[in-house]
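Undergrad: Sequence:
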Amino acid sequence: MAVTDRLHAHARASPRRVTAVLSLVGYVLVLGTFGDVFPFPTISDETVILLSDAIAVVNSLALVCIVAGVYFIRTDQVRRHRAAMLTAFGLIIAFLVLYLLKVGGGFEKSILVEGPVYYAYLAMLTIHILLSAVSVPVVVHAVVLGLSHSPRELRETAHATVGRVAVAAWGLSLFLGIVTYVMLNHIYGWVPRGSETALLVALVGPKLRR
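In my numbering, the protein residues as written are 11 to 220.
Check each hint, because a few of them may be wrong.
[Said to hold, decoys possible] Restraint ranges, calculated between C-beta atoms of paired labels, are given here:
id, residue 1, residue 2, range
1, P161, Y128, 41 to 51 Å
2, A93, Y128, 15 to 25 Å
3, E163, P51, 39 to 49 Å
Hint data in this document are derived by calculation from the structure and do not stem from the laboratory.
If you're wondering where the values come from, they're calculated on a predicted model, not measured in any experiment.
Heads up, the beta-carbon is just placed ideally off N, CA and C, and yes, glycines get one too.
When you get a sec, could you build the whole thing from the sequences and use the hints?
TA: Structure representation (structure tokens):
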């Protein structure tokens, strides 16, 4: 309990510092995974596909929670707003764990499409990734403020302003992530990134998804 109290007091006194530390941890985990710095157990192709589907479900639920949280705060249902947003944040933590496991132990996918659709997909994916990265400190800051201050105290902080930015960036990132997931996995198909056996995997891929 004493440790929890100290953490709460520190977050209350220095929310920006706590936000910076937590955001840095998140960035290090992601960059370290892509750079093969952290050891991950090797997972099968079927597990990669299963994790992709699980990530899409988690992100969809997170987006629903965000929309619900916005509705609750606009109708002055503060407790429900808090519950919805904390649930969304918890789902994003779950997403991070699943995503790091998929990337660290498996492979990344490339979409099997050309022309304007490919460039539209690439644009949406780029915006999704950029917003995911940019929104981290904003989302974390809103959560840190929300957890360390009472509803009345929050009115004297930047929580509302930061929260609006977080919802816009976070929500759009999730939405685009879901759209690109559907395009990649259920409309056009995919191959492992950098694969030299694209045609073979394109034929086998649908069977793996069954």
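Undergrad: Does each hint hold? Answer for all of them.
TA: Quick rundown of the hints versus the structure:
1. Range check, P161 to Y128: Cβ separation about 47 Å, and the 41 to 51 Å hint holds.
2. Taking the beta carbon of each, A93 and Y128 are about 40 Å apart, not inside 15 to 25 Å as hinted.
3. For the pair E163 and P51, the beta carbons lie near 44 Å from each other, so the given range of 39 to 49 Å is met.
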